[in-house]
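Starting from two chains that each stand alone, build the complex the way the hints lay out.
Here are the chains, one letter per residue:
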Amino acid sequence: MSPFAVLLELLSWALILAGSGFVFVGALGIWRLPDFWARLHGASVTESAGMILLIAGMCLQSGLTLVTVKLIIIGVFLFITGPAATHAVANAALMTGWRPKEAEGLVGAEPEPLLDEEAQGVRGKTGA
Amino acid sequence: MRKVLALASLFALWLLMSGLFKPLLIGLGLVSVLAVAWLTGRMDRQDGDRLELRLSPLGMGRYLLWLMGEIARANWAVTRIILARDMPLRQHLFRTPFSQKSDLGQVIFANSITLTPGTITVETERGGFLVHALDYSEGDAAALAEMDRRVAAVESGGGG
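From first to last, the protein sequence lines are chains A and B.
Mapping the first sequence onto this note's numbering, position 31 (from 1) lands on 31, and the numbers just tick up by one.
Plus 1000 on top of the position in the second sequence (first one is 1) and you've got this note's numbering.
Treat the hints as calculated values from the structure; they're not laboratory data.
Values in this document were obtained by computation on a predicted structure and should not be read as measured data.
Glycine is no exception: its CB is placed at the ideal position from the N, C-alpha and C atoms.
Be aware that a few hints might be false.
Unchecked claim - List time: in silico BS3-like cross-link candidates among lysine-lysine, alpha-carbon distance up to 27 Å:
#	chain 1	residue 1	chain 2	residue 2
1	A	Lys70	B	Lys1022
2	A	Lys70	B	Lys1101
3	B	Lys1022	B	Lys1003
What the hints assert, rightly or not - So, partial list: chain A residues that the calculated Cβ filter (under 7 Å) puts toward chain B:
#	residue
4	Leu28
5	Gly29
6	Trp37
7	Ser48
8	Met51
9	Ala56
10	Pro83
11	Leu94
12	Pro100
13	Ala103
14	Ala109
Claimed, not checked - From chain A, some residues computed to sit far from chain B (all C-beta separations above 12 Å):
#	residue
15	Met1
16	Leu8
17	Leu10
18	Ile16
19	Leu17
20	Ala38
21	Gly50
22	Cys59
23	Glu104
Chain B extracted, bound-state conformation (with noise of 0.2 Å):
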């Protein structure tokens, strides 16, 4: 059942990257999806690795759209540094900790610190991130907690 959707979502994958329906492009298209799950079977075979994605969709969803609103803020924020005669500049680095158990969790917590401008994951490390803000504020590790929360919330919606 798993290989059928497999197969099924990656030949939907190559019919929306061709958009052409020429016998022999469907047939190519059949031919690389087949080699492609024949290659992940074997490899599969060698370390059992698994990426697990326990996270809601409806939360993540949300999620989504509540980072938008801040990347715009911050983008805003940063655009505003840089165009000002004086670029006022309060660069930091610092720790932040972690909530998520799971590395993917984790990993969207750490990617969503650096796609908000004005603030960048440097290095992670046991229970927590090193940070590097351009402007740093004493809110910041306040705004950070919130997004920990957030990420955190969208992981034990899953039910993992």
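Looking at chain A on its own, in the form it has when it is part of the complex (with noise of 0.2 Å):
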């Protein structure tokens, strides 16, 4: 092995575990967390820094492959819906009326109520 093969083989392994080391913290954020709201965040550290570690360790495995650019479209695609799944799931548990305990001190802002189909159609298209 060339002295640039070995570095790229040991960067992609650092890679890989350091994402590694991610996923498990979310884990056992998820894991240690005391409720729903602090959880959420416990498994964001798993699909930001884990996915993108474990994804660029992988690229660095396979060179440059189709195989990498496959890695690459995966991590395009967790990139954009890992956050959407994320707001789906923390919105839906607002809209039931669940509320996160809130630090002493602090006082948490309340949704606007909805008024009606025709309002929430308009919601967020204020831009448009």
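Laid out in structure tokens, this is it:
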């Protein structure tokens, strides 16, 4: 093996191990954190740092091949869909009346009441 | 011209995903690309809905690099909380304003908030997002305002 290949291999394994570490921390977070709202943040460690580092490490393993292209496409999709899924779960919890436990001395914001179907239709379209 | 470009990029995607150049597979690819083009053309005549990408590519690249730095920092902060013996939490739900004009810009901002561990966009309202923070500090509002400004800059760079 050339020195460059060894370096690449070391970097790749460093990334994969670091990624696995963050996936583990995320799982630990889901287990240790006290309630639903806090646990969402634990999952978020897995899907951001864990995912990015693992995919980067695997890209270095596969080199300049079509596999790398696919890995990058998977990464881009996860980058977009991960937060969307987290948002959907959190939003569903809020809509059904769950509220996070506020820290001492803080008052949580209340969502604006949903008026009717029509109002829901135009929400978020103010800039269109 | 648009159609040709769309067909070419769809077919390029097929080739990248398959990586095989047997006549049968190329033929199947061509058939599916044409079918997709025909189906989307039909759907377009129904509603004429467009997703306009009014973003500056260079600005977007710069923003993504900056976002990666933010993600790294936020991940480290949340990791330290999770591994700490007593897990110091300061949960808070608060409202943060956004200044992006297009839906796409707002989506990018909301997604960026959720991508950085420690903050999650819970609800989108007219003119603002509801954000839940795991370990709220007084500097969070300023940090989100900074992110808001950067996303809005990427958006206006496209000449929208």
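Consistency of the hints with the structure:
For the given pair, lysine 70 of chain A sits about 20 Å from lysine 1022 of chain B by alpha-carbon distance, which is consistent with the 27 Å threshold. The suggested pairing of lysine 70 of chain A with lysine 1101 of chain B is violated, with an alpha-carbon distance near 33 Å, which exceeds 27 Å. This hinted pair checks out: lysine 1022 of chain B and lysine 1003 of chain B have alpha carbons roughly 26 Å apart, not beyond 27 Å. Hint status for leucine 28 of chain A: holds, given a least beta-carbon distance of 6 Å to chain B, under 7 Å.
For the restraint placing glycine 29 of chain A at the interface with chain B, the shortest Cβ-Cβ distance is roughly 4 Å, inside the 7 Å limit, so the hint holds. A least Cβ separation of about 6 Å between tryptophan 37 of chain A and chain B falls short of the 7 Å threshold, and the interface hint therefore holds. Taking 7 Å as the C-beta contact cut-off toward chain B, the hint placing serine 48 of chain A at the interface holds, the least distance being around 5 Å. With a cut of 7 Å, the hint placing methionine 51 of chain A at the interface with chain B is violated, because the nearest CB-to-CB distance is about 10 Å.
Checking alanine 56 of chain A against chain B: minimum C-beta separation of about 11 Å lies over 7 Å; hint violated. Interface hint status for proline 83 of chain A: upheld, as the beta-carbon distance to the closest one in chain B is roughly 4 Å, under 7 Å. A hinted interface residue such as leucine 94 of chain A counts as satisfied when its beta carbon comes closer than 7 Å to some beta carbon of chain B; here the least separation is about 5 Å, so the hint holds. Given the 7 Å rule on beta carbons, the hint for proline 100 of chain A holds: about 5 Å separates it from the nearest Cβ of chain B.
Interface hint at alanine 103 of chain A: satisfied, since its Cβ lies 4 Å from the closest Cβ of chain B, which is below the 7 Å cut-off. The beta carbon of alanine 109 of chain A comes within 5 Å of a beta carbon in chain B, closer than 7 Å, and the hint placing it at the interface holds. Every Cβ of chain B is farther than 12 Å from the Cβ of methionine 1 of chain A; the closest lies at roughly 26 Å, confirming the non-interface assignment. Consistency note on leucine 8 of chain A: stated as away from chain B, and its beta-carbon is indeed over 12 Å from all of that chain's, at 21 Å minimum.
The non-interface label for leucine 10 of chain A is consistent with chain B: the shortest C-beta to C-beta separation is roughly 20 Å, beyond 12 Å. No beta-carbon of chain B is positioned within 12 Å of the beta-carbon of isoleucine 16 of chain A; the least distance is around 16 Å. Even its closest Cβ contact with chain B, about 15 Å, leaves leucine 17 of chain A beyond 12 Å, as expected for a residue assigned away from the interface. Distance check for alanine 38 of chain A against chain B: the nearest CB is about 6 Å away, which does not clear 12 Å, and the non-interface claim fails.
With a minimum CB-CB distance of about 9 Å to chain B, glycine 50 of chain A fails to clear the 12 Å threshold, and the non-interface call is violated. Its beta-carbon lying about 14 Å from the closest one in chain B, cysteine 59 of chain A satisfies the requirement of being farther than 12 Å from that chain. Once the 12 Å rule is applied to beta carbons, glutamate 104 of chain A is inconsistent with being away from chain B; the minimum gap is 8 Å.
Hint compliance for this structure: hints 2, 8, 9, 20, 21 and 23 are broken, all remaining hints hold.
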